[in-house]
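Enquirer: The primary structure of each chain is shown beneath.
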Amino acid sequence: MPAMRPQDILMPVAAGLCCKPGGFHIDPVRPVDRAVITHGHSDHARPGHGAVLATQDTLDIMRLRYGDGFAGSTQAIAYGEEIALGGVSIKFHPAGHVLGSAQIAVTHGGLRIVASGDYKDVRDPTCTPFEVVPCDVFITEATFGLPVFRHGDAACEVDKLLASAALFPDRAHLVGAYSLGKAQRVIALIREAGYGAPIYLHGAMDKVTQYYQSRGVALGELRPATGMKKADLAGTITLAPPSAIADLWTRRFPDPVTAFASGWMRVRARARQRGVELPLVISDHADWDGLTRTIAATGAGEIWVTHGQEDALVHWCTSQGLVARPLALVGYGDEDSGEDATSSEEDG
Amino acid sequence: MNRFAELLDRLAYEPGRNNKLRLITAYFRETPDPDRGYALAALTGALSFKHAKPALIRELIAARTDPVLFALSYDYVGDLSETVALMWPSALRREHDSKSPPPTLTDVVTTLRTLGKSELPAQLARWLDELDEIGRWALLKLVTGAMRIGVSARLAKTAAAALGDKDTHDVELIWPGLAPPYLDLFAWLEGRADKPVNRLPAPFRPVMLAHAIEDADFARLDAADFTAEWKWDGIRVQAVGGRDEHGSAAIRLYSRTGEDITGGFPDLLPSLRLQESSEGTLDDYRKPLRTFRHQAFAIDGELLVVREGRVQSFNVLQQRLNRKTVTPRLMKEFPIHLRAYDLLGDGDNDLRELPFDERRRRLVDFIAALDDPRIDLSPQVPFATWGELAAVRADPAAAGADAAAVEGIMLKRRDAPYLPGRPKGLWWKWKRDPHVIDAVLMYAQRGHGKRSSYYSDYTFGVWTETDGNEQLVPVGKAYFGFTDEELLRIDRFVRRNTTESFGPVRHVVHEPDRGLVLEVAFEGLQRSARHRSGVAMRFPRINRLRWDKPPREADRLETLERMLASAAAVRSA
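Just so you know, the protein sequences line up as chains E and F, in that order.
Heads up, my numbering is the position in the first sequence plus 7, with the first residue counted as 1.
Heads up, my numbering is the position in the second sequence plus 29, with the first residue counted as 1.
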């Protein structure tokens, strides 16, 4: 029997990344019998699958968003736990992206492929830190796969926000942040910087933020922004989904300073396009240095690059003597483009 | 440099004037000398060093990065300085190596002043190594001379004045005598020293400005208290003459904000100097010069282009503006002229406290004595009642004025002293009725700041026939003129009638029977190769919302073409 090839284990198909020998898909974009899911963002975790394998946090988040019947059956798996599906071994490792996010190591016939989902290798007080998993083939995202994306220290960006709040005590500060992960991380960083006043929340963030708190993430006093008197919001900080910060909803705030916490804020044109006045470069994805550092650390000889700026990262891998190819996975990474709150709150 | 970079970064995103002011003032308060002084110089355009060329920046980055990655990045970011600032490969090393601290703004400015051309690339690279992303971006903007952060020199001076609760005029008054890093200015603003004395032989005086008059104002005003002049559509200037301590004559031309624009108008200077050599000699001091009293003077007036006795429109004058130097051909084709409004100083006498009528009498004498074809008196428009004046204003040509260059009427109280700024009730401007057309709303874009949730920027078009089809062609963009209540209604209309969205821009339905007609007022028209319609409007704004009017009845491009043609006819008449 000839040696196992990586594409015999994992193969991109219309529904997503398919593991034929194991009989499952990773982060499928269409309903499948058996889904293995990296994290709770809606472009990776969709409802309607037969069986779902994921971390307990990811399953809880899916239930919060889609309701009890989001899958036929579910099975929780812990970080470091290994299970066999068909002839294939599956092991979950922390990805450092959001609460419950995991990389999935698939091993078969002596060959290990790691599907990392979305990841970041920098500090985040709200989730388990990223772990490097040695492997033969590493599947990496490339959301910020251009050398212009260097995200710097998130704490400095939060300092910028607090300095602005101090300089403009008569204005409200409105921070756009994705509802799952980014919002809670920004709140945690604000608390770490010593800000003790209540922080206000857009209603769309309530449930998931409460879930973070129930999992032991300390976020201090949070209040709903809805129902407050306009004048009472002067000098306060409010977090809202990106779609809300440039819309009718903002009219309840006194002369708001519009901030947006996202890796995209590194590029001025992107910030201006959104009408952002205070861009905060805070990302839950690895930046260029994080991507290249991680690829090197896995020791993988072959790199598959998914959603984002594949060209540049593939070029970089090739220049490092690695085999690399873009893996066209339709349906990922376009969370950011829509205008309505449900589809646009995940990425960056 | 990093604190200055943070300021520039924040200013580049902040749309509101008052908020910009607070950011700049806070910077001045927190930043020590001489850094803040050089920052003030950078914001007011007072720094002078040879700017680096984009080609140099490209060479620097090409030597340090993979060309494919650079090309992909530049393509994505779209701005050379920004791409280089973000890609510059030093961020990682800096954390580990014990490197020299980043340069201060003072380091950068003082080094650039004396640096030889051949040393620039290596010096620039060293600084880029030492700075972070935003620092690199600010440095590159500074050295390439392309700041573009939406801060005028006046705004920066206002922010400095606010540091000491002073008026902008106080700063403008002494500004021409100051130089970076403005230690004496900041010492005064912080109450540590006396006000710097303007020792310039020909200092600028802060100008007096007028309020726009409303119909309702006339009922409260007595026509007998006022004089009227044409409001000329040129640029407001101050021509000042004086002598320095060695006795040599100095002539300066200032813009209304106190910027020295003398260099752009050498053809006007001999006219202002004419008297000193007309009779007598300078070394014969037994006999007083006939022109003694003209050694020092300050004329408030309008700079215009006059050809064969006719004042040209602002569009023509524009050829002469914003130039540091001029060619003889430009001077010949666009002969410059000063039309005098007021006399602020004569010899040692400061006339600003005198009533306008008295200053006017002295101005008349002064201009007569000057007797120069390039400098004349702004004629007064006689009237007895407001109704009479309204009739004259409606038809300046009939009253003998060069209609193409008349913007309206200026009203000045006879007893008004010359006060800096825009004092209430003394001077009024009564502009001509604007041109008005009905256009159709085509695209809408969200505004900034307070308006960031509203579709408040409107592109509008008029009808034209293209290949046998009736089509709307965009002719302009307007962001004001409507009330808050009207804004709410248009915003609602845009949201309900969007056909497509492109990023921040919404296509709003514009069909013959569906759409919104806007009555657009504007001050003038110009041919423009940049606009698809071939015309560009001056100062367009929304005059009225025509909810009642179907788009098919909006104006046509031919109407604008006719306006252009008739304006040309007036000019050449």
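Rather than coming from a laboratory, the hints here were simulated on the basis of the structure.
Hints may contain errors.
To be verified - Between beta-carbon pairs, the in silico distance windows are:
#1 E/Pro136 / F/Ala91: 45 to 51 Å
#2 E/Tyr86 / F/Gly74: 32 to 38 Å
#3 F/Val226 / E/Pro231: 36 to 42 Å
#4 F/Lys79 / E/Glu199: 57 to 63 Å
#5 F/Gln500 / E/Pro231: 45 to 51 Å
Claimed, not checked - The following residues of chain E were derived to be distant from chain F, with all beta-carbon distances above 12 Å:
#6 Gly210
#7 Ala266
#8 Gly308
#9 Ala319
Where a beta carbon is used, it is the ideal one built from N, C-alpha and C, also for glycine.
Enquirer: Hint by hint, say whether it matches the structure.
Expert: The hints, checked one at a time:
1. E/Pro136 / F/Ala91: 45 to 51 Å: Check failed, 37 Å falls outside 45 to 51 Å.
2. E/Tyr86 / F/Gly74: 32 to 38 Å: Cβ of E/Tyr86 to Cβ of F/Gly74: about 58 Å, so the range 32 to 38 Å is violated.
3. F/Val226 / E/Pro231: 36 to 42 Å: Given about 59 Å between the Cβ atoms, the range is violated.
4. F/Lys79 / E/Glu199: 57 to 63 Å: Distance hint for F/Lys79, E/Glu199 is violated at roughly 46 Å.
5. F/Gln500 / E/Pro231: 45 to 51 Å: This hint holds: roughly 49 Å between Cβ atoms.
6. Gly210: holds (17 Å)
7. Ala266: Since the minimum Cβ distance to chain F is about 10 Å, E/Ala266 lies within 12 Å and the statement is violated.
8. Gly308: It holds; E/Gly308 is separated from chain F by about 21 Å at its closest Cβ, greater than 12 Å.
9. Ala319: violated (5 Å)
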